[in-house]
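Take the sequence shown: its letters are residues 1 to 292, numbered as in this note's numbering.
Hints are computed from structural coordinates only; laboratory data are not their basis. Some hints could be false.
[Said to hold, decoys possible] Now the in silico label distances, taken between C-beta atoms and shown as ranges:
(1) ASP180 <-> PRO212: 26 to 32 angstroms
(2) ALA62 <-> ASP17: 15 to 21 angstroms
(3) ASN61 <-> PRO206: 40 to 46 angstroms
(4) ASP57 <-> ALA143: 15 to 21 angstroms
(5) ALA196 <-> PRO74: 29 to 35 angstroms
(6) GLY252 <-> VAL36: 22 to 28 angstroms
(7) PRO16 <-> PRO74: 40 to 46 angstroms
(8) ASP105 <-> ALA143: 17 to 23 angstroms
(9) ALA143 <-> VAL36: 32 to 38 angstroms
(10) GLY125 <-> PRO161: 15 to 21 angstroms
For clarity, every value in this text was computed on a predicted model and none was experimentally measured. The beta-carbon is built from N, C-alpha and C at its ideal position, and this holds for glycine as well.
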Amino acid sequence: MAGGVDLVVIGADGGPDRAFGGSARAAHGARLLAEVLPGMCFDTGAAGCRVAVVPPDADANAMLTAVREAAQHPGRWLLVCLVGQLAADPRGRRLALVTAGSTPDNAYRRGLAWDWVVSAMVHGGHEEALLLVDAVADRDTWAALERGGGEDGAGELLSYPRVPLWGRVGRYAPGRRGRDAVLPGGEGSFSHALTAVLRGGVPGAPAAVSVPDLQPAVAALLDGGAPARAGAGAPAPPSGAPGARLLVPPQGGRLLMRNRAAVRGALAGLSLSEELLAVLWRESAPRQPPPA
Numbered sequence: 001m002a003g004g005v006d007l008v009v010i011g012a013d014g015g016p017d018r019a020f021g022g023s024a025r026a027a028h029g030a031r032l033l034a035e036v037l038p039g040m041c042f043d044t045g046a047a048g049c050r051v052a053v054v055p056p057d058a059d060a061n062a063m064l065t066a067v068r069e070a071a072q073h074p075g076r077w078l079l080v081c082l083v084g085q086l087a088a089d090p091r092g093r094r095l096a097l098v099t100a101g102s103t104p105d106n107a108y109r110r111g112l113a114w115d116w117v118v119s120a121m122v123h124g125g126h127e128e129a130l131l132l133v134d135a136v137a138d139r140d141t142w143a144a145l146e147r148g149g150g151e152d153g154a155g156e157l158l159s160y161p162r163v164p165l166w167g168r169v170g171r172y173a174p175g176r177r178g179r180d181a182v183l184p185g186g187e188g189s190f191s192h193a194l195t196a197v198l199r200g201g202v203p204g205a206p207a208a209v210s211v212p213d214l215q216p217a218v219a220a221l222l223d224g225g226a227p228a229r230a231g232a233g234a235p236a237p238p239s240g241a242p243g244a245r246l247l248v249p250p251q252g253g254r255l256l257m258r259n260r261a262a263v264r265g266a267l268a269g270l271s272l273s274e275e276l277l278a279v280l281w282r283e284s285a286p287r288q289p290p291p292a
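With the hints as extra help, turn the sequences into a complete structure.
Next comes the structure, spelled out in structure tokens:
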């Protein structure tokens with residue numbers, strides 16, 4: 001079985017145009033994910049994770065190139081993170097991540113098209129793929145998403161994804177009305193919640209946790225609460241804020257992440273190397289990956 005994880009992190013700063021203020025913290029969110037995710041991959045750790053972090057002011061071609069190059073590697077998992085603001089095409093059928101230097105008139109044409117990213121991931125050489133999304137959408141783009149599936153709305157891209165999705169898409173109003181919005185990469189965002197859960201772990205969960213195992217704890221933080229404990233009752237679907245949509249990962253993926261909380265109590269006060277921590281994590285983990 002081919003090994004390794006390919007991680008591509010894209011935090012796109014839309015630039016100074018007020019209409020794209022929702023991307024102001026995207027670069028910060030990308031840095032958080034790039035710092036935390038590699039070392040949390042249970043089977044590989046940081047040593048087995050190839051990481052590509054695209055500059056926040058890069059154009060769509062550079063972003064797509066990074067995804068395509070990572071997808072061409074034979075490996076076990078391909079993780080792509082999109083952080084920033086989404087724009088819809090004039091007909092409201094397609095989405096793009098807003099890139100630097102965009103204006104309201106050309107944001108979709110200049111942006112990184114969602115279809116391009118998904119197509120590169122689908123045709124890659126990995127056994128599994130996961131698209132992490134921390135984004136906001138303005139009024140028109142949100143309306144396109146709300147129209148749901150079918151060929152008449154961009155909501156099809158989120159409702160019937162060709163690759164598994166995990167994340168949050170929220171509404172954003174430019175100008176003063178958007179001052180209190182949860183910005184991708186900022187406090188209360190998916191990037192912020194996910195990295196906090198990975199750093200702190202999930203009390204009561206095993207040493208190796210799947211993405212669906214992490215979802216309740218991430219959702220609890222998005223709702224402004226404490227991370228959920230393993231075995232807790234399933235909460236009502238959270239939003240993280242009014243006018244937000246969570247993208248919940250499906251069951252059955254075999255990507256396992258390290259649970260820091262699983263060994264913290266037993267190792268309190270001890271100074272341990274990363275190598276020994278990895279052994280301890282593996283010793284207390286399931287011997288077989290969850291079924292696909």
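Hints, verified against the model:
1. The hint said 26 to 32 angstroms for the Cβ distance between ASP180 and PRO212, and at roughly 31 angstroms that hint holds.
2. Checked against the hint of 15 to 21 angstroms, the C-beta distance between ALA62 and ASP17 comes to roughly 20 angstroms, which is consistent with it.
3. Taking 40 to 46 angstroms as the suggested C-beta distance range, the pair ASN61 and PRO206 conforms, at roughly 42 angstroms.
4. The given range of 15 to 21 angstroms is broken by ASP57 and ALA143, whose C-beta atoms sit roughly 29 angstroms from each other.
5. Restraint check, ALA196 to PRO74: a C-beta distance of roughly 33 angstroms satisfies the suggested window 29 to 35 angstroms.
6. GLY252 and VAL36 have their C-beta atoms about 24 angstroms apart, which keeps the hinted 22 to 28 angstroms range intact.
7. The given range of 40 to 46 angstroms is respected by PRO16 and PRO74, whose C-beta atoms sit roughly 41 angstroms from each other.
8. Separated by about 18 angstroms at the C-beta atoms, ASP105 and ALA143 satisfy the suggested range of 17 to 23 angstroms.
9. A beta carbon spacing of about 34 angstroms between ALA143 and VAL36 agrees with the range 32 to 38 angstroms that was offered as a hint.
10. The hinted window of 15 to 21 angstroms between GLY125 and PRO161 holds, with their beta carbons roughly 20 angstroms apart.
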